[in-house]
Amino acid sequence: MPIDRPQEPPLVIEQPARPSSPIVDMRDIFARKTPQTEEDRAQARAFIDGKIEMIRRDPYMTDAEKAAAIADIETRR
Amino acid sequence: MFDWARSDPWQTDVPFTSLDNYVTTMAAHGNSYPVLPVWNSTWAIGADTYRNEALLYNNVRSGWDLVYQYDYAATDAQQKNGWIGSWAPIVETFQSPYINTNQMGALGAQISGSDSNGVWGSWGLLSPSNSYVRTDNVGFQLVFLDPNYAFVVNS
Numbered sequence: 001m002p003i004d005r006p007q008e009p010p011l012v013i014e015q016p017a018r019p020s021s022p023i024v025d026m027r028d029i030f031a032r033k034t035p036q037t038e039e040d041r042a043q044a045r046a047f048i049d050g051k052i053e054m055i056r057r058d059p060y061m062t063d064a065e066k067a068a069a070i071a072d073i074e075t076r077r
Numbered sequence: 078m079f080d081w082a083r084s085d086p087w088q089t090d091v092p093f094t095s096l097d098n099y100v101t102t103m104a105a106h107g108n109s110y111p112v113l114p115v116w117n118s119t120w121a122i123g124a125d126t127y128r129n130e131a132l133l134y135n136n137v138r139s140g141w142d143l144v145y146q147y148d149y150a151a152t153d154a155q156q157k158n159g160w161i162g163s164w165a166p167i168v169e170t171f172q173s174p175y176i177n178t179n180q181m182g183a184l185g186a187q188i189s190g191s192d193s194n195g196v197w198g199s200w201g202l203l204s205p206s207n208s209y210v211r212t213d214n215v216g217f218q219l220v221f222l223d224p225n226y227a228f229v230v231n232s
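For the protein sequence lines, the chains are A and B, in the order given.
So the first sequence is numbered by this note's numbering: it starts at 1 and just counts up by one.
So the second sequence is numbered by this note's numbering: it starts at 78 and just counts up by one.
Since the hints were derived computationally from the structure, they do not count as laboratory data.
Be a bit skeptical, because a hint or two may be false.
Subject to a maximum C-alpha distance of 20 Å in a straight line, what follows is the list of computed SDA-like cross-link-like pairs (lysine to any residue) [to be verified]: (1) Lys-33/A / Ser-163/B; (2) Lys-51/A / Ala-121/B; (3) Lys-33/A / Ser-193/B; (4) Lys-157/B / Lys-33/A; (5) Lys-66/A / Thr-119/B; (6) Lys-157/B / Gly-216/B; (7) Lys-66/A / Val-91/B; (8) Lys-66/A / Tyr-99/B; (9) Lys-51/A / Ser-193/B; (10) Lys-66/A / Gln-88/B; (11) Lys-33/A / Asp-192/B; (12) Lys-157/B / Asn-117/B; (13) Lys-33/A / Ser-20/A; (14) Lys-51/A / Val-91/B; (15) Lys-51/A / Lys-33/A; (16) Lys-66/A / Tyr-147/B; (17) Lys-157/B / Thr-119/B; (18) Lys-51/A / Val-210/B; (19) Lys-66/A / Ile-167/B; (20) Lys-33/A / Tyr-147/B; (21) Lys-51/A / Arg-76/A; (22) Lys-51/A / Glu-39/A; (23) Lys-157/B / Glu-39/A; (24) Lys-66/A / Thr-170/B; (25) Lys-33/A / Ala-121/B; (26) Lys-157/B / Ser-193/B; (27) Lys-51/A / Phe-171/B; (28) Lys-51/A / Gly-159/B; (29) Lys-51/A / Asp-63/A.
Since we're looking at a predicted model, the values are computed, not measured.
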């Protein structure tokens, strides 16, 4: 079901007592300017491997839940 | 930034040194820490369409800057059933050779969820009702922990 963007989170950092400004779209500044490199892909695989290891060590998931989760994640390597 | 909804998951490409407008300070347990306030969300924007979004708080103009957004096809069942991933702040510790790293972690982690009618609830600090503290005891040692919304580790 379509819903609206969530409300802004309350700030927990120290800020002057003034209302927050509207959201500004800065995506162009932050957008990736270069194609994914082989190093990027290697880092992504390492990141995913870390998640798989985290699932293997999860103290609360059952073996069946771990197997299903790892199988799902391994499709993204 | 890593977006699990994409086949090219590494997104955004800016050096940390360009984040001066976003890095600020926050006090915790008698220390002042440099922090990068982040607000990330996933929600349904249409029938079988979801949006991932990330914003950084610009402390110069006192407002949130949208830095990343990605819309993708997914059903409610895909988003809510089975393995949907983990989402809370974490320092992943899979090896022991870390030595003398700076203190790092997360402060003031909050969550808000919507009900079945799409009405968002209030933001609240992470608690045992929606998260758990994971302690692997590998590579890093705890500096402090405020369960479940703040922690700092070092080595």
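Now for the hints, and whether the structure bears them out:
no. : hint                  : in the structure
1   : Lys-33/A / Ser-163/B  : violated, 29 Å
2   : Lys-51/A / Ala-121/B  : violated, 25 Å
3   : Lys-33/A / Ser-193/B  : violated, 39 Å
4   : Lys-157/B / Lys-33/A  : violated, 33 Å
5   : Lys-66/A / Thr-119/B  : violated, 24 Å
6   : Lys-157/B / Gly-216/B : violated, 33 Å
7   : Lys-66/A / Val-91/B   : violated, 35 Å
8   : Lys-66/A / Tyr-99/B   : violated, 37 Å
9   : Lys-51/A / Ser-193/B  : violated, 29 Å
10  : Lys-66/A / Gln-88/B   : violated, 27 Å
11  : Lys-33/A / Asp-192/B  : violated, 38 Å
12  : Lys-157/B / Asn-117/B : holds, 17 Å
13  : Lys-33/A / Ser-20/A   : violated, 30 Å
14  : Lys-51/A / Val-91/B   : violated, 24 Å
15  : Lys-51/A / Lys-33/A   : violated, 27 Å
16  : Lys-66/A / Tyr-147/B  : violated, 28 Å
17  : Lys-157/B / Thr-119/B : holds, 11 Å
18  : Lys-51/A / Val-210/B  : holds, 16 Å
19  : Lys-66/A / Ile-167/B  : holds, 19 Å
20  : Lys-33/A / Tyr-147/B  : holds, 16 Å
21  : Lys-51/A / Arg-76/A   : holds, 11 Å
22  : Lys-51/A / Glu-39/A   : holds, 18 Å
23  : Lys-157/B / Glu-39/A  : violated, 32 Å
24  : Lys-66/A / Thr-170/B  : holds, 19 Å
25  : Lys-33/A / Ala-121/B  : violated, 28 Å
26  : Lys-157/B / Ser-193/B : holds, 12 Å
27  : Lys-51/A / Phe-171/B  : holds, 10 Å
28  : Lys-51/A / Gly-159/B  : holds, 16 Å
29  : Lys-51/A / Asp-63/A   : holds, 16 Å
Checked against the numbered hints given earlier, this structure breaks hints 1, 2, 3, 4, 5, 6, 7, 8, 9, 10, 11, 13, 14, 15, 16, 23 and 25; the rest are met.
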